[in-house]
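Listed below are the residues making up each chain.
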Amino acid sequence: MSSKWENIQKRSFLESEARTRALGLVDPGTFTELAGPRHRISSPHLPLLGEAVEFDDGIVTGVGLIGKKPVFVASQEGRFIGGAVGEVHGAKLANIVRMARKAYDEMLASNPDLPEEKRPAVIISFDTGGVRLHEANAGLLAHAEVMDQFQDCKGKVPIIALIGSRVGCFGGMGFVAAASDVIIMSQFGRLGLTGPEVIEEEMGKDEFDASDRALVYRTTGGRHKYIMGDCNVLVADSIAAFRGALQEVLGKLYAEIAEMSCIGSLEKIQYQLKLVDLCVETAPKDAKDVWKSAGNENPDDLTDMPLDEFLTTVKRLTDRY
Amino acid sequence: MSKQLHEITFELKAQNPTDFVEDFAHFGVVGSGDMEVIIEQKNLDGAVKVKIVTPVTGYDEVWRRVLERFVNDTGVANASLEINDNNATPVVVSLRLRQALSEVD
Amino acid sequence: MEDLIGQGRAAIDMIIDPDSFREGEVGELSITDEDFGASAVIGTAELDGEICTIIASDAMTANPKFPVVYAGIIGLEEGYKMAQAVYHSIKADKDKPLAEKRSIVLIVDTPGNGAGKHEEIFGMNKSTGAYQMALADARKVGHPIVAIVVGRAISGGFLCHGLQADHVLSLGPKFNTMIHVMPITSISRITKLDIEWLQELAENNPVFAAGPDYFYKLGGVEELIDSIELIRERVVAHVAEVRTKKLAGRDDELGPWGRGALSVERGSRVARSKVIQTMDDEFAAVAERYLS
Chain A
208 MSSKWENIQK
218 RSFLESEART
228 RALGLVDPGT
238 FTELAGPRHR
248 ISSPHLPLLG
258 EAVEFDDGIV
268 TGVGLIGKKP
278 VFVASQEGRF
288 IGGAVGEVHG
298 AKLANIVRMA
308 RKAYDEMLAS
318 NPDLPEEKRP
328 AVIISFDTGG
338 VRLHEANAGL
348 LAHAEVMDQF
358 QDCKGKVPII
368 ALIGSRVGCF
378 GGMGFVAAAS
388 DVIIMSQFGR
398 LGLTGPEVIE
408 EEMGKDEFDA
418 SDRALVYRTT
428 GGRHKYIMGD
438 CNVLVADSIA
448 AFRGALQEVL
458 GKLYAEIAEM
468 SCIGSLEKIQ
478 YQLKLVDLCV
488 ETAPKDAKDV
498 WKSAGNENPD
508 DLTDMPLDEF
518 LTTVKRLTDR
528 Y
Chain B
2 MSKQLHEITF
12 ELKAQNPTDF
22 VEDFAHFGVV
32 GSGDMEVIIE
42 QKNLDGAVKV
52 KIVTPVTGYD
62 EVWRRVLERF
72 VNDTGVANAS
82 LEINDNNATP
92 VVVSLRLRQA
102 LSEVD
Chain C
2 MEDLIGQGRA
12 AIDMIIDPDS
22 FREGEVGELS
32 ITDEDFGASA
42 VIGTAELDGE
52 ICTIIASDAM
62 TANPKFPVVY
72 AGIIGLEEGY
82 KMAQAVYHSI
92 KADKDKPLAE
102 KRSIVLIVDT
112 PGNGAGKHEE
122 IFGMNKSTGA
132 YQMALADARK
142 VGHPIVAIVV
152 GRAISGGFLC
162 HGLQADHVLS
172 LGPKFNTMIH
182 VMPITSISRI
192 TKLDIEWLQE
202 LAENNPVFAA
212 GPDYFYKLGG
222 VEELIDSIEL
232 IRERVVAHVA
242 EVRTKKLAGR
252 DDELGPWGRG
262 ALSVERGSRV
272 ARSKVIQTMD
282 DEFAAVAERY
292 LS
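Protein chains in written order, with my numbering: chain A, 208 to 528; chain B, 2 to 106; chain C, 2 to 293.
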């Protein structure tokens, strides 16, 4: 086992760049990058606006192994224009999902009894605010392609979302994460649709102060999403912890994994509508009010307690509703 | 008023050259104030070919000085260096170039 | 009539067969609570004599329970309500042959998703995400889905309510239709580039500028319609065309992936194709190592 890979395992997921995450999530020495920097496919649009480009357009795509399982990996780089999705970035993401599904179709066609441990999976490490403004139209269309490819994976290829990087997962990519089968987060991960500044603009500073970091984390952060049931697994902030959770999830049968998703069927959205009713009934002023509804008597204690204690103490909305 | 990415190219030669033997190395992220570099083996008669793509103009001489020092200090030869920059300072540039070389080892 | 902005209900009547709309009903679904997802209109109608599901936004009716849901915004309830309409369409036609799967017509005039505190606490991304997945599901089991932009199709709103259709149509820009992520004024502010220069740039590169024309060039819209009177006829024609393609197994020419191919025909999104080809070729060379 290479010492470089070993070192990566100990690193903070939050602080790690996209390529490090991709390499560290799969088994040592198994990652092959596809359309990587070597190909120099950077954005053709950014130069026209005088914006810096990157050889991989802010996303690492490739294939690796976890045990015997081929995993198709996408890992976004939040430090490059906020991990935003342009034409190239979006095409890489859509196609890596498509490749996993095509691989599944081919493998199953030649061997219908292929054991589950050898069937492909998709993992996406999000670090993005959604559409890239500079090439927004192409970025938006790419989002639709990703959702389309996700639906093609249904019944075949599990899709696992990992959220624990600086930018979190917002904008149109929030839909993509929601459409995944399983969401693994750290407490530093944030997931949502609308960024805090836009909510403040829409509702006023009295209702939502975007500069209040604790409020922002209570509304979109990993602990909150875990209580809500939107995040399936909450892990510590290391690549090893994310990889461990990933291995555990991918060790399950596909049917079990698919059952963990929040949306994707009439039954699942009927359940979500029960939560919307709860929202209307309780009109929470703060996420903590919902934590209380979930059965947490002292929601204030939940924000700062160590992760292990949090995981053994916390009551989740899914336990009660 | 238009804005375009600025491209700087030049060639350098190390005083005590040692060939760049790896086929390919890549390092860095084009974050704000940062850069990435690809170093590739090329038969250039001992020279080093440099290409920089950056939104910043007016620093061509600074780039040349920083790269000259890097090439002389490391002796890198027969290589092409391609840099995507987003306002990296000379200190960051030197650091990233050295990191890219040490990635290879 | 100069345009149809804010007139989702009028647009429904223009498209469907006269007096055929049964609001709130799709298959087994029957919504009687008027306040439930009030800004979204769903129901069943006849389109050229065939049953079809209609999904639209009602810009004139705000949702009394969610203060950020007004002017055609899709909120938490609206997204799930729209998704319900789609899933019930699938369910109702589950045992029907491909040729008889009901069409789904999306009438698009929305400024976006609900952007509020409750929405984020409970996960707005799940609601309209669910709607997108439902539409993709329906499309893939054979329902022809046609979206027609009659007013605003803004950013995430268009993504949810429009871009998962088999075909997307739009009234042309002279009807004040808006399709964009961000208006060019905002892009100018953020990039610090002159609006004039950006507009000049947009003439040769449609990837960032606002307007249905640019989406047409990118293959994001199949057809621009230049007369309000023609909407019904064109929707009917596209439903038929989509159905024919589905019956012929040409699904790859439909929906978001089909629009990707359309971009090539229209000379845009060239990098997209290059990326896909590069990845496919590169993987083919190493596939054996991974797939056993």
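Hints should not be assumed to be uniformly reliable.
What the hints assert, rightly or not - Incomplete in silico selection of chain A near chain C, CB under 10 angstroms:
| hint | residue |
| --- | --- |
| 1 | 319 |
| 2 | 403 |
| 3 | 509 |
| 4 | 512 |
Claimed, not checked - Label pairs and their calculated CB-CB ranges:
| hint | chain 1 | residue 1 | chain 2 | residue 2 | range |
| --- | --- | --- | --- | --- | --- |
| 5 | A | 451 | C | 24 | 22 to 28 angstroms |
| 6 | C | 175 | A | 451 | 37 to 43 angstroms |
| 7 | A | 458 | B | 100 | 33 to 39 angstroms |
| 8 | B | 99 | A | 363 | 33 to 39 angstroms |
In short, the hints are calculated from the structure, not lab data. All C-beta atoms, glycine included, are put in the ideal place defined by N, C-alpha and C.
The hints, checked one at a time:
| no. | hint | in the structure |
| --- | --- | --- |
| 1 | 319 | violated (15 angstroms) |
| 2 | 403 | holds (8 angstroms) |
| 3 | 509 | violated (15 angstroms) |
| 4 | 512 | violated (21 angstroms) |
| 5 | A/451 with C/24: 22 to 28 angstroms | violated (51 angstroms) |
| 6 | C/175 with A/451: 37 to 43 angstroms | violated (58 angstroms) |
| 7 | A/458 with B/100: 33 to 39 angstroms | holds (36 angstroms) |
| 8 | B/99 with A/363: 33 to 39 angstroms | violated (46 angstroms) |
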